[in-house]
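**Student:** Letter by letter, the chains look like this.
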Amino acid sequence: MTPLHRFGQFLRESLQIIPLSMVRLLFVGTLVVLLVWVLRLPKSATMPPDGAKRWDENLKLGATIALLIQIIVYLCL
Amino acid sequence: MLLAATTPLTLPDYIVIGLYLVGTIAMGFVIGMKMKTGSDYFLGGRQLPWWAIGMSLVATDIGGTDIIGVGGAAFSHGLAVANFEWIGCVPAMIVGAFIFIPFFYRAGVYTVPEFLERRYNAGVRSVVAVCWLLFMACNLGIMLLASAKMMSAVFGWDESACIVLTAVLVGSYTLVGGLTAVVYTDMIQCVVMIVGCLLILVLGLVEVGGIRELRSRLAAADARTQAQALQVEPDASSTDAAVVATKAATRDAERTSLILPVDTQTPFPWPGIYFGLALILSPAYWIGNQAIVQRSLGARNEFEAKASYIWGALLKNVIPLIVAVPGLIALALLPDLKDGDAAIPNLVGVLLPAGMRGLFVAAFLAALMSSIDSYLNSAATIVANDFYKRFVNRSVSDQSLLKVGRLTTIGLILWALAFAFLLTVTNEKSGIYAIFQTLMAFFQGPCFAILLIGILWRRATGNAALIALLSGIGTSMSLYALNQPTIYEALDWQPLFQIQEPFLYFSIWAFVVTSLVLVIASLLSGPVPTDKLQYVFGGYAVPKRATPTALEKPAPDEAAGESP
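Heads up: the protein sequence lines correspond to chains A and B, in order.
Quick note on numbering: the first sequence equals residues 1 to 77 in our numbering.
Quick note on numbering: the second sequence equals residues 1 to 564 in our numbering.
In case anyone wonders, no lab produced these hints; they're calculated from the structure.
Treat the hints with caution; some may be incorrect.
Estimated spans, in silico, between C-beta atoms of each pair [unchecked claim]:
1) B:Val191 <-> A:Ile65: 18 to 24 Å
2) B:Lys403 <-> A:Trp37: 44 to 50 Å
3) B:Ala481 <-> A:Gln9: 17 to 23 Å
4) B:Pro335 <-> A:Phe7: 38 to 44 Å
5) B:Gly411 <-> A:Arg54: 18 to 24 Å
6) B:Gly411 <-> A:Ile17: 49 to 55 Å
7) B:Leu482 <-> A:Trp37: 36 to 42 Å
8) A:Phe7 <-> B:Leu19: 56 to 62 Å
9) B:Val191 <-> A:Gln16: 31 to 37 Å
10) B:Pro495 <-> A:Cys76: 32 to 38 Å
11) A:Ile65 <-> B:Trp493: 46 to 52 Å
12) A:Trp37 <-> B:Val318: 22 to 28 Å
Quick list of in silico lysine to any residue cross-link-like pairs, SDA-like style, CA-CA up to 20 Å [as the list claims (entries may be wrong)]:
13) A:Lys53 <-> B:Pro49
14) A:Lys43 <-> B:Phe98
15) A:Lys60 <-> B:Asn301
Which chain B residues face chain A? A few, computed with CB under 10 Å, are given here [claimed, not checked]:
16) Met93
17) Ala97
18) Val262
19) Tyr274
20) Gly474
All residues carry an ideal CB built from backbone N, CA and C; glycine is no exception.
Turn these sequences into a full structure, and let the hints guide you.
**Tutor:** What follows is the structure in structure tokens.
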């Protein structure tokens, strides 16, 4: 056993202690944080320079739908 | 595995395949008539619409071998392989859309290595360009061979003929039409791919009897496998039986779960998926891969470049359903298959009637061609812009660069053909196959680390980035070497990693080492030149590229960078 192996073993054992329910929380939490960030983006980052002429020209909508699908997927599977 | 042996393709199948091929090639050639400059060829004249780019992004990401390989992995390991299309794509695409793609677009660059020179120096640009070029050029040969092997095994076609035919077909329209042809043909290929795979999914679910029935059949298949394992050990004690029963229950739970424990027998433990895939490899791929980023740089404006990524992210949500779930359906319907890669071809044979199988073959060809054409065009872009224009002829005209791009494309097609045949001669058992599949994990983590830190931290210097990049690549290659049986056995060591194919872990450690070296070496070196700071967040804004004529001119700092 080299120091690298001992370090790897320590990491493996430490990560094994974490219950999968907490891991799921980590996955979903990351997606939720990303969703909140998207929702808080300024209009200048999500719309054309001359403003949205149609409802689907706001990129927040598409990004939010994509992330909501992800959140549901990682909550259920 | 031979689909043709049990369910041969019929005339209607060949008509569907023929229509698809003729339509794709014709479109590529029609587009090619309009090519006049290097900007047209490499960036579609910056006139590409967001919806076409978004579909092209998805089509490029799914290769021909993925259609069968992902379904096969789902058959063998379960649904966790879908992580590569879900958390391994969607979040990075959204972050890329709102942060990185606008940054690259405003810089007006042709390639990611070009951006890295503006932020750091020519050394960093060259190392990154060489890494990507080597990877793309070799991968072109590998994709040709892997797809030909698949076509030979599945459809009974001659392997050498498949290699040549694919190279000629894809090479011809990419050569003539450049990025525009690639993006528009990818768009058709994306539709054909989704429709073909969706057909398998729907007919498969109908055949199984719905999702609930699918789950119960999967549980039954796992229980049967474990029972068979018990039977081959007749002297198994009651304790062994209890262990096997526990394993069966665990296997069943893992089969339809995305989040797998650290000690899973599959290559997809959650730390690898979260830290290696979601946080490093995925952003590195969607933000730093030239073949991916290049098409968004060809968008009509910055907003459409962002929109293409968001549209791609929405489409990406559907992909695992149509490429991974059929693998689970195959397990429910054909549980006795031994080889995962045989799952989808056999499922096609069971589910699709004559005439419809042609649609699946077209979907397979679409996935294959959409990846090869993209890598071909991007490799040519790197050669023309990062090597020829940068080091050979800085004052080359845009028209001459078009010729260089086309000549490079021809050279790459010939190289890919030669490399594919070389692999055939040396036999894939030589290990070169696996080495190049792991190659991307070698340098993607380090490249992403210097890109990310360079954009976020003003203090990162060019020389430090070069040292860090080389250190990171050295780290991942060392980890790979130390995990090879011949090496760790010679050293009388145990393998460093306990899972199969630990490429996700290589990328984590390579990223960590690169980041640490970059930070330490930057703090030890002098200040960053002021002109570099316009490519840092919170520094100076990168000048917006507003008009089409401005797009053709080199950015002011590029001109400055070219002077001695």
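**Student:** Next, verify each hint and record whether it holds.
**Tutor:** For each hint, the structure was consulted:
At about 20 Å, the CB distance of B:Val191 to A:Ile65 agrees with the hint of 18 to 24 Å. Between B:Lys403 and A:Trp37 the CB atoms are about 45 Å apart, so this pair conforms to the stated range of 44 to 50 Å. Checking the proposed 17 to 23 Å range against B:Ala481 and A:Gln9 shows it holds: the Cβ atoms sit about 20 Å from each other. Range check, B:Pro335 to A:Phe7: Cβ separation about 41 Å, and the 38 to 44 Å hint holds.
Look at B:Gly411 against A:Arg54: about 45 Å separates their beta carbons, and that is not inside 18 to 24 Å. In this structure, B:Gly411 and A:Ile17 meet the distance hint of 49 to 55 Å, their C-beta atoms being roughly 54 Å apart. With their beta carbons about 38 Å apart, B:Leu482 and A:Trp37 fall inside the hinted range of 36 to 42 Å. Here the CB-CB span from A:Phe7 to B:Leu19 is close to 58 Å, well matched to the stated 56 to 62 Å.
Take B:Val191 and A:Gln16: their Cβ atoms lie about 44 Å apart, and the range 31 to 37 Å is violated. Roughly 35 Å separates the CB atoms of B:Pro495 and A:Cys76, a value that falls within the hinted 32 to 38 Å. Taking the beta carbon of each, A:Ile65 and B:Trp493 are about 49 Å apart, inside 46 to 52 Å as hinted. The hinted range of 22 to 28 Å is satisfied by A:Trp37 and B:Val318, whose Cβ atoms lie roughly 24 Å apart.
At most 20 Å may separate the alpha-carbon atoms for a hinted pair to count; A:Lys53 and B:Pro49 meet this at roughly 17 Å. Between A:Lys43 and B:Phe98 the alpha-carbon distance is near 11 Å, which keeps this suggested pair within the 20 Å criterion. For the hint linking A:Lys60 to B:Asn301, the alpha-carbon distance of about 18 Å falls within 20 Å, and the restraint holds. The interface hint given for B:Met93 holds, since its Cβ lies 8 Å from the closest Cβ of chain A, which is under the 10 Å cut-off.
Below 10 Å, beta-carbon pairs count as interface contacts, and B:Ala97 has one with chain A at about 7 Å; its hint therefore holds. Proximity of B:Val262 to chain A holds as hinted, the smallest CB-CB distance being about 5 Å (cut-off 10 Å). With its C-beta approaching chain A no nearer than about 7 Å, B:Tyr274 sits inside the 10 Å limit, and its interface hint holds. Here the hint on B:Gly474 is broken, as its CB sits about 15 Å from the closest CB of chain A, past 10 Å.
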